[in-house]
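Student: Now for the letters of each chain:
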Amino acid sequence: MTPLSALFEKTRSENRAALIGYLPAGFPSKQECIDAISAMVEGGVDAIEIGFPYSDPVMDGPIIQAAAELSLSQGTGAKEVFSTLEAVASTGTPAVVMTYWNPIERYGAQNFARDIAKAGGSGVITPDLTVEEATPWREAVQKEEINSIFVVAPSTKDERLAKVTAECSGFIYAASLMGVTGTRTSDSTSARDLVGRVRQVSQTPVAVGLGVSTRDQAHEVAQYADGVIVGSAFIRLLQESQSMGEGLIRVRELAKSLAEGVRR
Amino acid sequence: MTMKSTVVQEDILGHFGPYGGRFVPEALIEALDSLTLAYEEAKVDPAFIAELDYLHKTYTGRPSIITEVPRFAEHAGGARIILKREDLNHTGSHKINNVLGQALLVKRMGKKRIIAETGAGQHGVASATAAALMGLECVVYMGEEDTKRQALNVARMKLLGAQVVPVTQGSKTLKDAINEAMRDWVTNVETTHYLLGTVAGPHPFPTMVRDFHRIIGVEARAQVLELTGKLPDAVLACVGGGSNAIGIFHPFLDDLSVRLIGLEAGGSGIASGKHAATISGGTPGVLHGTRSYVLQDENGQTVESHSISAGLDYPGVGPEHAYLSDIGRAEYQPVNDDQAMEAFSLMCKTEGIIPAIETAHALYGAMKLGRELGPDATLLINFSGRGDKDVDTAARYFGLPL
Numbered sequence: 472m473t474p475l476s477a478l479f480e481k482t483r484s485e486n487r488a489a490l491i492g493y494l495p496a497g498f499p500s501k502q503e504c505i506d507a508i509s510a511m512v513e514g515g516v517d518a519i520e521i522g523f524p525y526s527d528p529v530m531d532g533p534i535i536q537a538a539a540e541l542s543l544s545q546g547t548g549a550k551e552v553f554s555t556l557e558a559v560a561s562t563g564t565p566a567v568v569m570t571y572w573n574p575i576e577r578y579g580a581q582n583f584a585r586d587i588a589k590a591g592g593s594g595v596i597t598p599d600l601t602v603e604e605a606t607p608w609r610e611a612v613q614k615e616e617i618n619s620i621f622v623v624a625p626s627t628k629d630e631r632l633a634k635v636t637a638e639c640s641g642f643i644y645a646a647s648l649m650g651v652t653g654t655r656t657s658d659s660t661s662a663r664d665l666v667g668r669v670r671q672v673s674q675t676p677v678a679v680g681l682g683v684s685t686r687d688q689a690h691e692v693a694q695y696a697d698g699v700i701v702g703s704a705f706i707r708l709l710q711e712s713q714s715m716g717e718g719l720i721r722v723r724e725l726a727k728s729l730a731e732g733v734r735r
Numbered sequence: 108m109t110m111k112s113t114v115v116q117e118d119i120l121g122h123f124g125p126y127g128g129r130f131v132p133e134a135l136i137e138a139l140d141s142l143t144l145a146y147e148e149a150k151v152d153p154a155f156i157a158e159l160d161y162l163h164k165t166y167t168g169r170p171s172i173i174t175e176v177p178r179f180a181e182h183a184g185g186a187r188i189i190l191k192r193e194d195l196n197h198t199g200s201h202k203i204n205n206v207l208g209q210a211l212l213v214k215r216m217g218k219k220r221i222i223a224e225t226g227a228g229q230h231g232v233a234s235a236t237a238a239a240l241m242g243l244e245c246v247v248y249m250g251e252e253d254t255k256r257q258a259l260n261v262a263r264m265k266l267l268g269a270q271v272v273p274v275t276q277g278s279k280t281l282k283d284a285i286n287e288a289m290r291d292w293v294t295n296v297e298t299t300h301y302l303l304g305t306v307a308g309p310h311p312f313p314t315m316v317r318d319f320h321r322i323i324g325v326e327a328r329a330q331v332l333e334l335t336g337k338l339p340d341a342v343l344a345c346v347g348g349g350s351n352a353i354g355i356f357h358p359f360l361d362d363l364s365v366r367l368i369g370l371e372a373g374g375s376g377i378a379s380g381k382h383a384a385t386i387s388g389g390t391p392g393v394l395h396g397t398r399s400y401v402l403q404d405e406n407g408q409t410v411e412s413h414s415i416s417a418g419l420d421y422p423g424v425g426p427e428h429a430y431l432s433d434i435g436r437a438e439y440q441p442v443n444d445d446q447a448m449e450a451f452s453l454m455c456k457t458e459g460i461i462p463a464i465e466t467a468h469a470l471y472g473a474m475k476l477g478r479e480l481g482p483d484a485t486l487l488i489n490f491s492g493r494g495d496k497d498v499d500t501a502a503r504y505f506g507l508p509l
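Top line first, the protein sequences correspond to chains A and B.
Residues are numbered in our numbering as their position in the first sequence, beginning at 1, plus a constant of 471.
Residues are numbered in our numbering as their position in the second sequence, beginning at 1, plus a constant of 107.
One chain only, chain B, in its complex shape (with noise of 0.2 angstroms):
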């Protein structure tokens, strides 16, 4: 199931270079140790691996498709650009690769309540959908913020039967769910998973969510080499805490010709300070039980991320992406509000699909190179979800009357 890298080989205690690692209370280290060695076993077991490979084929819907878009691809230099179609998975998204994945693992250890953190509600939506299949209780934790900016999801959620716990402390988005996530971890760690939506935290998380995800870019490489006989010479993907991008980089690693570029939120624009750039605009530190970059002041406290998109709303990101990032494997740009919003508008018009305003960012830095590229280049891009849950966002956005 995993295929290391040349490029990137993470150490055992979970370490890209210097970021990654475990900065976490001592409560929950027998609980990460417990699920490393879960996972360890798990990820090398054929019956797991075939029970999960069963689930995507029957559940999910894998292999997702790729979507060549000519119409959208006049308005980036006429490059070649092609979709891999995550938003056509079974809840809208890519994250259900990874929930499935720890849900199985959860019905392994014998745990009988999970517990996530949702921003945009994709991953406690995915969350509260693999707790109903497998009959797991379900908390999801979301900021109060967002509780508001996603209310179909919260409505979905509750559908399927999973309790949200809105959250009131500090910025009341994603990164306050997190942390109330965490206290409840360390309350219920005996019988609860904490079952962590993208590749940041401690480890084993962000190589376990990691590896969940790589189907996204090992079909999608067959796939486009299928189509045009070759590699593409750029993947892209947005980037908030970094679980569709690593799954879409990973297995095109060792392939250098292949450039790939993280698109993160830019907000307001990274000079307003109103972002969630953390790559591009933040420094290295500890949040949430990991090294990475973070948007901290000179205290080392958090500074409040800002964007549009409220998967994206993160002031943290993966330690691998950080990693890739030092040593120059991938790129990390940013893409402001204004500019996502004008790929999610084309998208729509030009193709007839609508967009996660969190792919849009993808979607915008895809425009910019196919015109710096012109149309000998070819552009993957990881299309990561559906528009659905922001079509209030986007139609005040556009001040369409509701």
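So that you can see chain A by itself, here it is in the shape it has in the complex (with noise of 0.2 angstroms):
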């Protein structure tokens, strides 16, 4: 059992939603990324997603383009992204590794699988990876036993949300409404909808992201997922602070008042 399934095991047993946080390695810096992931845990974070910055990000709103786009010209690539995963996961927080296909497939699909693991990752969550093109990366988790998450959308179809959620393990990453990555007020019925059809045809534990910014939505989400990921909002009070240490605070406070909205 990886890290992340026995954290789904105790939020579940404590009756509460899980808090995941995102951020790209390297963002803000390569050591400020790992400081601040420090700090979302200080704060009550469960677990981490390190994304993997890319070039061409179609998934990612404005704050995450250029989070990725500043990790990209300070040159991350995979070498951070795997220094970043092992300074969280030997602190025994779970973490996994959030990205696009093609740096995998680069990076060769068993060879990525492999350094996961090798760097104590939970898994990898595949925005665009579709099950149709599954199969060699099916192959290398497997061998490894790391986790492998894909999402689903609002718009995803019952038969074929039966298909995809059987493909997932660890959780099943639930796009809360149709659209990118980013800060939204109001939360959407949508993604109630979406968690109640994934759990007809699924056991595996949901998380549910996208626009997912304050306590009170948390709260919400807390009501019917198992896990409540968090992204953007961090990623924006990092951009906006004046320094590195304000930006610390107000990581930690977020984090705090998120972790108290996930307890139901």
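FYI, nobody ran anything at the bench for these hints, they're computed from the structure.
For glycine and all other residues, C-beta sits at the position ideal for the given N, C-alpha and C.
One thing to keep in mind: the hints can contain errors.
[Said to hold, decoys possible] Rough simulated footprint, nothing fancy, chain B against chain A, three-plus residues with beta-carbon under 8 angstroms: (1) 536-543; (2) 601-609.
[Unchecked claim] Now the stretches of chain A that chain B is said to cover, found in silico as 3 or more residues with beta-carbon under 8 angstroms: (3) 516-530; (4) 574-583; (5) 620-633; (6) 642-651.
Hints in hand, dock the two standalone chains.
Tutor: Given below as structure tokens:
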């Protein structure tokens, strides 16, 4: 069992949702990313998604695009992603990598899965890998016994939902709405509907992402989902802060507030 | 409408050997499935075929003519050179073939809004045109860099009632315009059709867009046979994403005596690293929803492409071209900026036809091949677009006062 799967058993037994935080590796710099993740964990984030910054992030809104661009301009690549993963996982926090498919394909699916496992990572989220194209990846994750997390969307039909969720382990990433990543003012009912439909076809924990940024939103999602994913809101705090010190304080505060939200 | 070739048979998921397929957010799968279904139904529906055919005859100006160019051919080893005049289509390039086909599909699917990406502006203009014709809302994403290079086409799109959104992310060119269009599509997929302008992107785009452009090759094959009594020795076309090339190549795939040659944008030369020759200088990878050749670094990050021609300035290429290259059925060669401009100038001065700079890459390829093969050879070139939009770039290149 991966640390990620163990986490969901724990949060289920505590009758609460898990809080999952996202940050791209190398943002704002390699070390500051690790510091910000520590602040997130101190504030109460249960698990970390480390983004592999990519040149053509079609699922991401302006906040994550800007963060990825900054990270890439400093030369972030696979090496930095794996060392960040190792730094986080070694503290005992469940950690996964979120990446578009091409960096995996370039690295080699087997090699990528192997190095995730070697770094102590629990798995990988692949937002643009369709199950039809996943054969080499499926073999790689099974061999390394890491979690394979696919994204489902409100537009995913029931029949397909069964097919995609059958490929998931660790958790299922439910996109709360039709759109790209970013902070939004209110939650949509589409997330609740989607999670309900996933429950009909799968026992795997479901975490909701896209647009969650406040304690109240986290609290609402925690009523029906097993996990709440927050990314852009943390990144925006770091982008807006005058200094890294200020950014870390604000990140810790947001994490603390969200952690209260996920407790039902 | 579609006649399957025995050389290339894409599978039901849109794979050409190891290339093609779908690498997209799950949110788009439903729309791609609906589009695939709508297209599969439409392409065998006599009413749809008749409507598109009627539009091509009365609006596009099809069939486009062929023109033999003996004065230009003197600079190409005296080979017989025949142009397929897609530049004479309404809106000035081959792009209208695909746009009208997809716009009819949009009507059939009941969607009211189309979005499109554009590099040179040719596809954007064609999309804006079709939207005006069919009463659809149209938003065109265009890299900020390209809006400057192709200001005339930006004005044309606006005159046609389209909204042009300059894209300021990344390299501010075609690649980033596609990213932004895909983000729009993910968000508005229920009401919006993404009218993709080339034979790339997720299935069904590479096959559907190809099918809409096959008319180029179907007409040209018959026209050349009628004019010369035989098939050409080679068919040449420029390749950015590859839509005009696949359109003219495809009906010749089974004619194994006919060489198929795609001319890629060599920019300042492959060795310089500043080029857009994806097959000649790239490696297999995934970009914009499909697996094909990609200009990328060791981390799988897309590398910026460079070309004097905005329409070829793209770091990816259609998956069918990748496959045709691997199996050796088609050849792909780079033509650098200076070579293309040499051919551009020659075409203007020897034949009184101003080509698009994209097309000039194919013209240079024919000059080179003609010199190799000599006067007995017949070469068919897809003259994909006219050069009005490039007057500014060309004048600057040749140092003419504006």
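Student: Verify the coverage statement for the region 642-651 of chain A against chain B, using a C-beta to C-beta distance below 8 angstroms and requiring 3 or more qualifying residues.
Tutor: holds (count 4)
Student: Taking 8 angstroms as the Cβ threshold, is the statement that the region 536-543 of chain A is covered by chain B upheld or broken by the three-residue rule?
Tutor: holds (count 3)
Student: Tell me if chain B covers the region 516-530 of chain A under the three-residue, 8 angstroms CB rule, please?
Tutor: Our answer is that it holds, as 6 residues pass the Cβ test (under 8 angstroms) against chain B, meeting three.
Student: Please check whether the region 620-633 of chain A has three or more residues whose CB lies within less than 8 angstroms of a CB on chain B.
Tutor: Since 9 is at least three, the answer is holds.
Student: Please count how many residues of the region 574-583 of chain A have a CB within 8 angstroms of a CB from chain B and say whether that reaches 3.
Tutor: holds (count 5)
Student: Can you tell me if the region 601-609 of chain A counts as covered by chain B, using C-beta to C-beta distances under 8 angstroms and a minimum of three residues?
Tutor: This one holds; 3 residues, not fewer than the three required, reach chain B with a Cβ under 8 angstroms.
Consistency with the previously given hints is maintained throughout, with no hint failing.
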